[in-house]
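K.L.:
What follows is the residue order along each chain.
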Amino acid sequence: MSFLLGEQMTGGYGAADILHNCSIGVEKGEIAVIVGPNGAGKSTAMKAVFGMLPLRKGQVMFDGEDVTQLKPEERVVKGMGFVPQTHNVFTSMTVEENLEMGAFIRTDSIDDSIAQVYDLFPILKEKRKQPAGELSGGQRQQVAVGRALMTHPKVLMLDEPTAGVSPIVMDELFDRIIEIARLDVAILMVEQNAKQALEIADKGYVLVQGQNRFTDTGESLLANPEVRRAFLGG
Amino acid sequence: MTDFFNALTLLGNFLIIPGLTYGSQLALGALGVTLVYGVLRFSNFGHGETMAFGAMVTILVTWGLQSLGLSIQPLPTALLAIPVGILATVVLTLLIDRFVYRYHRERKANPVIFLIVSIGVMFFLGGLIRFIIGPGDQIFFDGTRFILKAREFKQMTGLNEGLSLKMTQAVTIITAVIIVAAMFWFLNHTRTGKSMRAYSDNENLALLSGINPDRVVLITWILVAALATIAGTLYGLDKSFKPFVYMQLLLPIFASAIVGGVGNPIGAIAGGYVIAFSELILTFAYKKVVLYLGPDNMELESLVQFLGTDYKIAVSFIILVIVLIIKPTGLFSGKTI
Chain H
1 MSFLLGEQMT
11 GGYGAADILH
21 NCSIGVEKGE
31 IAVIVGPNGA
41 GKSTAMKAVF
51 GMLPLRKGQV
61 MFDGEDVTQL
71 KPEERVVKGM
81 GFVPQTHNVF
91 TSMTVEENLE
101 MGAFIRTDSI
111 DDSIAQVYDL
121 FPILKEKRKQ
131 PAGELSGGQR
141 QQVAVGRALM
151 THPKVLMLDE
161 PTAGVSPIVM
171 DELFDRIIEI
181 ARLDVAILMV
191 EQNAKQALEI
201 ADKGYVLVQG
211 QNRFTDTGES
221 LLANPEVRRA
231 FLGG
Chain V
1001 MTDFFNALTL
1011 LGNFLIIPGL
1021 TYGSQLALGA
1031 LGVTLVYGVL
1041 RFSNFGHGET
1051 MAFGAMVTIL
1061 VTWGLQSLGL
1071 SIQPLPTALL
1081 AIPVGILATV
1091 VLTLLIDRFV
1101 YRYHRERKAN
1111 PVIFLIVSIG
1121 VMFFLGGLIR
1131 FIIGPGDQIF
1141 FDGTRFILKA
1151 REFKQMTGLN
1161 EGLSLKMTQA
1171 VTIITAVIIV
1181 AAMFWFLNHT
1191 RTGKSMRAYS
1201 DNENLALLSG
1211 INPDRVVLIT
1221 WILVAALATI
1231 AGTLYGLDKS
1241 FKPFVYMQLL
1251 LPIFASAIVG
1261 GVGNPIGAIA
1271 GGYVIAFSEL
1281 ILTFAYKKVV
1291 LYLGPDNMEL
1301 ESLVQFLGTD
1311 YKIAVSFIIL
1321 VIVLIIKPTG
1331 LFSGKTI
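Those sequence lines, one after another, are chains H and V. Numbering follows my numbering, with no gaps: position 195 of the first sequence is 195. Numbering follows my numbering, with no gaps: position 311 of the second sequence is 1311.
Each statement offered as a hint is correct.
Under the rule of at most 30 angstroms between Cα atoms (straight-line distance), these lysine-lysine pairs were calculated in the DSS-like manner:
id : chain 1 : residue 1 : chain 2 : residue 2
1  : H       : K78       : V       : K1108
2  : V       : K1287     : V       : K1312
3  : H       : K129      : V       : K1327
4  : V       : K1108     : H       : K57
5  : H       : K28       : H       : K154
6  : H       : K78       : H       : K154
7  : V       : K1166     : V       : K1287
8  : V       : K1108     : H       : K71
9  : V       : K1154     : V       : K1287
Just so you know, the hints here were simulated from the structure itself, not pulled from any lab data.
Starting from the given sequences, assemble the full structure and let the hints guide the process.
P.N.:
Put into C-alpha cells, the structure is as follows:
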C-alpha cells in the first residue's frame, strides 16, 4: 500500500459529486502528478486527500493510519503539508515571518529549518525582511512552498505551484521540487503544465470528470499516444 | 520677536497640547476598532460603550480607593483603578463574545449582520451603564491639577500669553505613547502577536499553519477591552465622564480608523491625530494670533475662525466622507493588521 493513498474517493461540495471512485497515491521520495483537462476535478481530488472536501465514500490512508475523519489542520500535525493555489502566503508579513508562521505548531527551535529553506531558495534569504506581498509571483511561490516545508512534512501537496509564473521560473521550481523529493518527502501535485510536470513525475494520474482515466509512470504516460493526443496537445 | 513667541505660545496652549491629548484618546479608541475589524472582520459599534463601561468601573473603584484614603499624589487615583476596570471589561467583552458574537461567527455571518448586532450591543451596554452610574456627569479627577500653570509660564518667560500643561494632558499623552509602543512590540515581536497578524491577513492559511482561531479571538478581545478601558478613562479624566458622550465619540473614532486605513494599527494612530488636529485647526479662533503677527494697530472685527465650535463633530464627518470617496482604503491602505 502507498505511503499516502486516497482510495475510491467519492464526494463533492454540494448535492452533486465531483469525484467518482477516484484513487490517488504517492510513495515516499516520489513525485506524483495529477493532470487532466479543466474541470476534471484535479484540485478537488487533492483537496479530498487533504480533508478539505467531505467524502461520501472512500478513505484516505497516511503512513499506515486512517486519516479520513481528520480535519486539514489535524493532518498538518500528522505530517502533511499543503500549498494552496492562491492566497498561499501572508502578504502583509515578511518572508521570515511567513516561515515562522509555517512552523507555528512546532515548539522546538526552528532556526535550522529556516536555514534549510534559505538553502533551497537562496533568493528568500536576501528578501527575508520584505513583505511577501511585494515579491514577484515566482518568489511568492517559493515562500509558499517554504512555509509548508517548515513543519518537516512527510508528504507535500502542491496545487498548481507554477500557475502564472514564467517558463524559466517554472523549470526552476520543478528543480527545487525534485530536490525536496530527494529528502525522502512524498510529493503530490496538480499541474496545468502537464507535459513538463509528467517529465519529472514518477507517477502520473490523468483525471477526466472526476474519474481515473490513466494511471502510469510519467514516462509511460508521455509515451502513450492516446494521452499525448487527448491531453498533451499531440 | 516677542509677538512671534506670544503667538506661538497661544497656538501651543490652545491647539498643540489639546490636539495631542485628544488625538491620543482617539488613537487608542481607533486602535481598538481597528483590531476588531482586522481580526474579527466587522465594524464594532459597541466600542464607544465598551470604553464607557471600562471608564465606569474605573470610576467606581476610584471612589472606593478615595474613600479608603488611598492615593498616588500627584497622579490621579484613577490610574491605580484602571487594572480593575480592564479586568471587568475583559470579562464583559468575553461574555458578549461568548453569548452574542460567537453564534454569528460559527455561522460565518455576513459582516453587515455583525455590524447590526454590535449596534444592539451598543444600546444594551449604554442602558446598563446608565442603570449603574446614572446619565449625569461624574467627576473623578484628583491629584495635582497643573504641571505647568499659565501664570508661572508668564513669569518665567515674561510673555503676555501663558502656556499651561494639565496633569491629565501629560498623563494621556505619556500613557498613549507607552500603550502604543507596547502594542506594536506585541504584534511584531511575539509569537502570539504574529499569529494574530497572520490570522488577520489570511484566515485559511493561518488555520493550515495550525494557528488556533479561538485563541486569536480571545486575545483580540482582551486587547480591545484593555485599550477601550484606558482610552475611556483617559478621556473621562481629561474632560469629564458622561455616558452619552462616549456614543458621540464613535464618529471621530471611526473616522480616525478609516482615515488611517481600517485594520491597520499605524493608520489608526495617525488617523487619531489627523482627526483631532483637523477638528481643532478648523474651529480655532485665530484672532489673537493674527493680531500678534499682523502689523501694529491692526484691528479685527471677526474671530478669524473657519468654523464655529458647534461644528466640531461635523469636521470628522466631512473628513470621513471625503476619504471614503477619494481613498477608501485610507492613508495607510488597511484591511489587515
